[in-house]
Amino acid sequence: DTEVVIQFWFGTRLSAQAMHFDEDPNWFLQVYGTKTCGVLPPEYWKYAYLSPDWHPSRKFSRVDWEDLGKWDQFVEKALPDMMNVTLHAGDVLFLPQGWLHFFQSQSSSISLNFFTFAGHVGDFINTIDLLPVPFESNWNKEVNAN
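Okay, so the sequence shown: first residue is 1 according to my numbering, each after it adds one.
These are computed hints drawn from the structure, not numbers from a lab.
These numbers were taken from a predicted model, which means no experiment stands behind them.
Result set (EDC-like, lysine to aspartate or glutamate): computed pairs, CA atoms no more than 20 Å apart in a straight line:
#, residue 1, residue 2
1, K46, E23
2, K77, D64
3, K77, E66
4, K70, D81
5, K77, D67
6, K46, E76
7, K59, E23
8, K46, D72
9, K46, D64
10, K77, E43
11, K59, D22
12, K59, D24
13, K46, D81
14, K59, E43
15, K46, D22
Produce the entire structure from the sequences given, and follow the hints as far as they go.
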């Protein structure tokens, strides 16, 4: 069986989650509203000022977005290469394990994310392919007919 962990996120305009990485592949679904996501591959860990390995927040960057002046390495080496993505309702973003990312809501928003454990990504994709997608125009008719 494929093991999946699902998280539900909701927030107001400008609510944010700090830059961090996940240890497992992450499928992020924007259900309502708009969110911006900044993404960097694992080779940028060395510039992200991550907390020490022994610290409970070891996967999180200590960069203060309100005061970037004191985070020289991040500003000079990582920020110029950051990929920024705007997610609207119905968009899905795949974040491979270890990729740094942060989210900021541009409006009130609702999101879901699905963690698929590293060995089960292929099984998860096959399972998703079998499900009706609620953003297809005829989804409601198909579900009600079954």
